[in-house]
Amino acid sequence: MVPIPERALVFSPDGRTATLEMKDIAVVDEPKFPALDCESTPATLSFKMVCTATNEKVLYDDPQKQFRVEGYHATAQMEAQVNVPSIGFSWKSDPLSTSKANFAIIGDEVNGRYYNPMK
Amino acid sequence: MSSSEDVRSCYTRRGFVGTTLGVAAAGAASLLLSDEAAADSKPQTERRTYNGSTDPYPLPWLDKFGDHHQPAGANLDPSDIFHFKGRIVRCANFAGMGTDNKGNRIAFGAPSTDYGIMQGEYFAARAPQTGAFVHI
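Residue numbers (my numbering), protein chains in the order written: chain D, 147 to 265; chain S, 7 to 142.
Keep in mind the hints are simulated off the structure, nothing from the lab.
Take the hints with a grain of salt, since some may be wrong.
[Stated by the list, open to error] Computed list of chain D residues with no C-beta within reach of chain S, every gap over 12 Å:
id	residue
1	Glu185
2	Ser186
3	Thr187
4	Pro188
5	Asn201
6	Met264
[Claimed, not checked] Taking beta-carbon pairs under 7 Å as the criterion, some of the chain S residues facing chain D (in silico):
id	residue
7	Asn99
8	Phe100
9	Asp106
10	Tyr121
Cβ coordinates follow ideal geometry from the N, Cα and C atoms, glycine included.
Between the sequences and the hints, there should be enough to build the whole structure, so can you do that?
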């Protein structure tokens, strides 16, 4: 988990679309993840992700794990670029519009000390 | 957010001894100097608190790899931060194509291609904090 720089994350005024664009994030390339002791190589990642709410509502409420999410199922698309300098590898995705995510939600959450069970 | 604000990490035995000696030296000096002179020579010690780190508190629940994280999915906590209220976005299982630097077409995306955005308030260091984070 990394902090998002100012202006990298933009929500539309109605809160239904989120756009996150970050460049040259230091990451670890682990092609065999999640295998134990898999080789890891320093890499950088740049990406743009756009997530837009559909009209299908989502409500998760779990008093045992103390979290509640109220929002919408969503569509999500991404374009990305990866560089692994130590092995001379780079890769760039096709444009954002050609990708999709099979799971996406967008909404509001409370958990932990902010959670109150629904009445 | 800054781990450098976690003053607990400064609380080493050496740090404690240094602080104690500093306080003792200041006390001795005040006995030898006039009140006015002592007031001018107040120790410029940094104010310390022991409230803990302002870093976000992780989810208590572990995934199958032992990480403080839940997979993306229905009825699973999409946040990686506990004691959180705010906006969340969780997108996983991407599918797409790309090209490497040798011209090879390589697909991307798997259930573990998982991005989670958290923006809002979280509680740490005994106080509300604000921030925006992404799980990549």
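Do the hints match the structure? See the list:
1. Once the 12 Å rule is applied to beta carbons, Glu185 (chain D) is consistent with being away from chain S; the minimum gap is 16 Å.
2. In this structure Ser186 (chain D) is separated from chain S by more than 12 Å, as the shortest Cβ-Cβ distance comes to about 14 Å.
3. With 12 Å as the threshold on Cβ separation, the claim that Thr187 (chain D) sits away from chain S holds: the shortest Cβ distance comes to roughly 15 Å.
4. For Pro188 (chain D), the condition that its CB be more than 12 Å from all CB atoms of chain S holds, with the nearest at approximately 15 Å.
5. At the 12 Å boundary, the C-beta of Asn201 (chain D) stays outside the reach of chain S, the nearest C-beta of that chain being 17 Å off.
6. For Met264 (chain D), the shortest C-beta to C-beta distance to chain S comes to about 14 Å, beyond the 12 Å cut-off, and the non-interface label holds.
7. Given hint, Asn99 (chain S) at the interface with chain D, holds; its Cβ is 4 Å from that chain's nearest Cβ, closer than 7 Å.
8. For Phe100 (chain S), the interface hint holds, the least distance from its beta-carbon to any beta-carbon of chain D being 5 Å, beneath 7 Å.
9. For Asp106 (chain S), the interface hint holds, the least distance from its beta-carbon to any beta-carbon of chain D being 5 Å, beneath 7 Å.
10. Because the closest C-beta pair between Tyr121 (chain S) and chain D is about 6 Å apart, less than 7 Å, the hint holds.
Against the hints set out earlier in the document, no violation occurs for any number.
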